[in-house]
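Here the structure of chain Z is known, so what remains is to put chain S in place on it, guided by the hints.
As given, the protein sequences belong to chains Z and S, one line each in that order.
Each residue of the first sequence is one higher than the one before, starting from 1 at the first, in the working numbering.
Each residue of the second sequence is one higher than the one before, starting from 1001 at the first, in the working numbering.
Keep in mind the hints are simulated off the structure, nothing from the lab.
None of these values were measured; they are calculated from a predicted model.
Glycine included, each C-beta is placed from N, C-alpha and C at the ideal position.
There may be inaccurate statements among the hints.
[To be verified] Ranges of calculated distance between the beta carbons of each label pair, as one might list FRET restraints:
no. : chain 1 : residue 1 : chain 2 : residue 2 : range
1   : S       : Val1300   : Z       : Gly258    : 36 to 42 Å
2   : Z       : Asp140    : S       : Ala1274   : 22 to 28 Å
3   : Z       : Gly258    : S       : Ala1232   : 49 to 55 Å
4   : Z       : Gly120    : S       : Ala1274   : 23 to 29 Å
5   : Z       : Glu60     : S       : Ala1274   : 38 to 44 Å
6   : S       : Ala1232   : Z       : Gly120    : 26 to 32 Å
7   : Z       : Arg371    : S       : Phe1084   : 57 to 63 Å
8   : S       : Pro1042   : Z       : Gly258    : 27 to 33 Å
9   : Z       : Ser404    : S       : Ala1274   : 38 to 44 Å
10  : Z       : Gly420    : S       : Lys1176   : 39 to 45 Å
11  : S       : Ala1067   : Z       : Thr421    : 23 to 29 Å
12  : S       : Met1212   : Z       : Pro394    : 19 to 25 Å
13  : S       : Pro1042   : Z       : Gly420    : 45 to 51 Å
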Amino acid sequence: MSKDLSEVIGRVLPAPENHLSAEKMEEARKARRSFMGKALAMGAGVATTATAATRAVAAEGEEAILKLPAHSVGLGQPVAMEGYGKPSKWEGNLQRRESPGLTRVSQASVSFTPLQGLFGIITPSALHFERHHQGWWDIDPSKHRLMINGLVKRERVFTMDDLMRLPSVSRIHFIECGANTAPEWGNVALPSVQYTHGMVSCCEFTGVLLSTLLEMCGYDKKNGKYVLAEGADGSSMTRTIAIDQAMDDCLVAWGMNGEMLRPENGYPLRLVVPGVQGVSWVKYLRRIEVGDMKYATKDEAIHYIDHMPDGTHRQYTGIQECKSVITTPSGSQTLLDKGFYNITGLAWSGRGAIKRVDVSVDGGRNWRTARMEGPVLTKALTRFNIDWVWDGKPAILQSRAIDSTGYVQPKINQLRAVRGTRSVYHQNAIQSWKVSENGEVSNVQVF
Amino acid sequence: MKSPFKISTPAAVATLALALLGSSAAWAQTKPWHHIGRDATPAEVKAWDIDVRPDFKGLPAGAGSVAKGEQVWEAQCASCHGSFGESNEVFTPIVGGTTKADIERGRVKNLEEGASFPQKTTLMKVATLSTVWDYINRAMPWNAPKTLSTEDVYAVTAYILSLADIVPPDFTLSDKNIAEVQKRMPNRNGMVFYEPLWKVSGKGDVKNAACMKDCPVESTIRSSLPDFARDAHGNIAEQNRIIGPVRGADTTKPAPKGPVGSSALPATVVVAAASANVSDPKALLNANSCTACHGMKNKVVGPGFNEIAAKTKGRTDAEAYLIDKIKNGGSGVYGAVPMPAQPQLKDAEAKAIAQWIAAGAK
Chain Z
1 MSKDLSEVIG RVLPAPENHL SAEKMEEARK ARRSFMGKAL AMGAGVATTA TAATRAVAAE
61 GEEAILKLPA HSVGLGQPVA MEGYGKPSKW EGNLQRRESP GLTRVSQASV SFTPLQGLFG
121 IITPSALHFE RHHQGWWDID PSKHRLMING LVKRERVFTM DDLMRLPSVS RIHFIECGAN
181 TAPEWGNVAL PSVQYTHGMV SCCEFTGVLL STLLEMCGYD KKNGKYVLAE GADGSSMTRT
241 IAIDQAMDDC LVAWGMNGEM LRPENGYPLR LVVPGVQGVS WVKYLRRIEV GDMKYATKDE
301 AIHYIDHMPD GTHRQYTGIQ ECKSVITTPS GSQTLLDKGF YNITGLAWSG RGAIKRVDVS
361 VDGGRNWRTA RMEGPVLTKA LTRFNIDWVW DGKPAILQSR AIDSTGYVQP KINQLRAVRG
421 TRSVYHQNAI QSWKVSENGE VSNVQVF
Chain S
1001 MKSPFKISTP AAVATLALAL LGSSAAWAQT KPWHHIGRDA TPAEVKAWDI DVRPDFKGLP
1061 AGAGSVAKGE QVWEAQCASC HGSFGESNEV FTPIVGGTTK ADIERGRVKN LEEGASFPQK
1121 TTLMKVATLS TVWDYINRAM PWNAPKTLST EDVYAVTAYI LSLADIVPPD FTLSDKNIAE
1181 VQKRMPNRNG MVFYEPLWKV SGKGDVKNAA CMKDCPVEST IRSSLPDFAR DAHGNIAEQN
1241 RIIGPVRGAD TTKPAPKGPV GSSALPATVV VAAASANVSD PKALLNANSC TACHGMKNKV
1301 VGPGFNEIAA KTKGRTDAEA YLIDKIKNGG SGVYGAVPMP AQPQLKDAEA KAIAQWIAAG
1361 AK
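So here's chain Z without its partners, still in its complex pose (with noise of 0.2 Å):
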């Protein structure tokens, strides 16, 4: 392909006369009419077989244009055939996905956000990432309790009608797994963005803040240092918070991206902790203790602590701490051709907002700041774009965040000098894309 033609916008080329071979063509009107049943995409009609250089444009021009389509010449459906509206059909391939061989059992397992084709910062909640500890519920709204107990002058009961008549407000919020990336501690593992960084989400929650519950119940302001948030479910998940943090940002949330959460995270009222580990986010909450001390929970003793190098574990180690990833161009993609490329990714920091981003195509060697696309808000997914030329060499694609604070996300071995290799969690590092001469993306690690 010659330069001038790689500039073409949209990458739509000529044809060359006789591009395809008799069988060739033959295939190709096979896969045509099969395009219903098998949902064969087929692009300009030849797409399956053609080329990236030879995306076929007849002389004439495309039949796209040139014939008119069924929806151009046709009635369309009525309104309200689905009550609950689905994403279209040719969006199936954005699902969330189990990693297999991560857990040997579904019901205390994990999906992934398939990061690599969303846009914005907000997750569609039925794309929002699963973690259960011991399967998911549905549970009757109308049976949910909430009950605040421990050091506080009165001991209380909420229903849900009680909860969603408070004072509420809404705030858009990232989630991530304590042990999003983990796999990578070491060496690469994992294949694409989805499967790296597909434990995090961001939505906007809505609920009644936690402080406005604990004022209503009358903390012990002296000694309640602690509150334990506990869930209704199976495993009644239970994790400490510190008081100063339960009276800062935390929601007691009903709401996600303007409906109710998700069965799958939480339905009817979760926990929001903005800036902590998913797993404080306890779902399906049925209860807040005040207490004076921390309370050692399975989920803050045995698992969700970082094994250091002189064997000690550091406990309470919440804090997601400022981290980037590029989504597209990402692990598994492949490019269609040289020339222009927007590079787009994610940033965000459980300590405040992120200030800046930087994007380095030569392995880290120079960088350039990208621009961030708005609302730029704290405890929040922040979604940056820059401008690529892609020269059609090998090249090194990283993201690099700055959070509010000054703090600079680290590169793996930055972060594997101090915390070693054989921790699980709160892997904020750099991550690598390498773009290979074939146009492939694949997951690297340089530093």
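Quick look at chain S alone, frame taken from chain Z:
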């Protein structure tokens, strides 16, 4: 832990009631929503306030022996965790990797750099015995949490501790001696509270500088995706959108050889979203945690469904036989690990699963 505001005498009740009335009135003036909700009854608090703290506040009085614990273990726990808590089949092992020296020192040698023990078992990590008691009590057994009696929880805890020689085989664990046993936990001194990663306002422990130009970097790639991992997560072409600036690579094939544009684009296939149908026997298997122990085509704890189908093929009473095994459990047909009874299954559900297996488990 229970509320510290215990009401012991009628006089105290009266005083407290007055105090509450007084403060209620004050709140009502400032917060018009203050009356929303209601007071919890003592029985309600007792029913839900089950947590046990590291200082053992919240621990109910009671006791359980290692011998009793072994019985409970074999019936309720061994199918997932193995007879000696060592099984890695379903969950990370509970027992293993600790020594007498660890019990003396309160630190586990196998957690230190250079140790060759392959796993981090529960007893290697956990510093607080309260954690073990609390978790078994609230979340075990896996498919029927909160069904163990207080005695059972003490007993199972004692049995686990005995497997690691933390308590002797004739021991009875109780609320009276549990604090003494805590002093023998192998990793009791192995936890560090690191405040900067607990507090939002803390400062991170790892530093990087925001160098922009000619930054020092190694010129070699230290790690790349191994070939076997290329399609270990399925075909990535089917995990990307069919339009846009990029496609997913066809990971069922090796990476193309030539430069970009010289070979065919990955075939763009749209897959259907995964979903479960409740009338589908496979959905029943998931909903009832059957898949926790049985794979479709592989042994997990129990045999794969394909193996059961093969073994019962040709039996004229296959359906009735399978219903009985599903509902009442059994052992010895596929190995020593018992299949627990599944009393929670409705007859129609057990029948649907049995029919599905008898028809070949496809």
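Right, here's what the structure says about each hint:
no.	hint	result
1	S:Val1300 <-> Z:Gly258: 36 to 42 Å	40 Å, holds
2	Z:Asp140 <-> S:Ala1274: 22 to 28 Å	26 Å, holds
3	Z:Gly258 <-> S:Ala1232: 49 to 55 Å	37 Å, violated
4	Z:Gly120 <-> S:Ala1274: 23 to 29 Å	25 Å, holds
5	Z:Glu60 <-> S:Ala1274: 38 to 44 Å	42 Å, holds
6	S:Ala1232 <-> Z:Gly120: 26 to 32 Å	30 Å, holds
7	Z:Arg371 <-> S:Phe1084: 57 to 63 Å	58 Å, holds
8	S:Pro1042 <-> Z:Gly258: 27 to 33 Å	40 Å, violated
9	Z:Ser404 <-> S:Ala1274: 38 to 44 Å	39 Å, holds
10	Z:Gly420 <-> S:Lys1176: 39 to 45 Å	40 Å, holds
11	S:Ala1067 <-> Z:Thr421: 23 to 29 Å	42 Å, violated
12	S:Met1212 <-> Z:Pro394: 19 to 25 Å	22 Å, holds
13	S:Pro1042 <-> Z:Gly420: 45 to 51 Å	49 Å, holds
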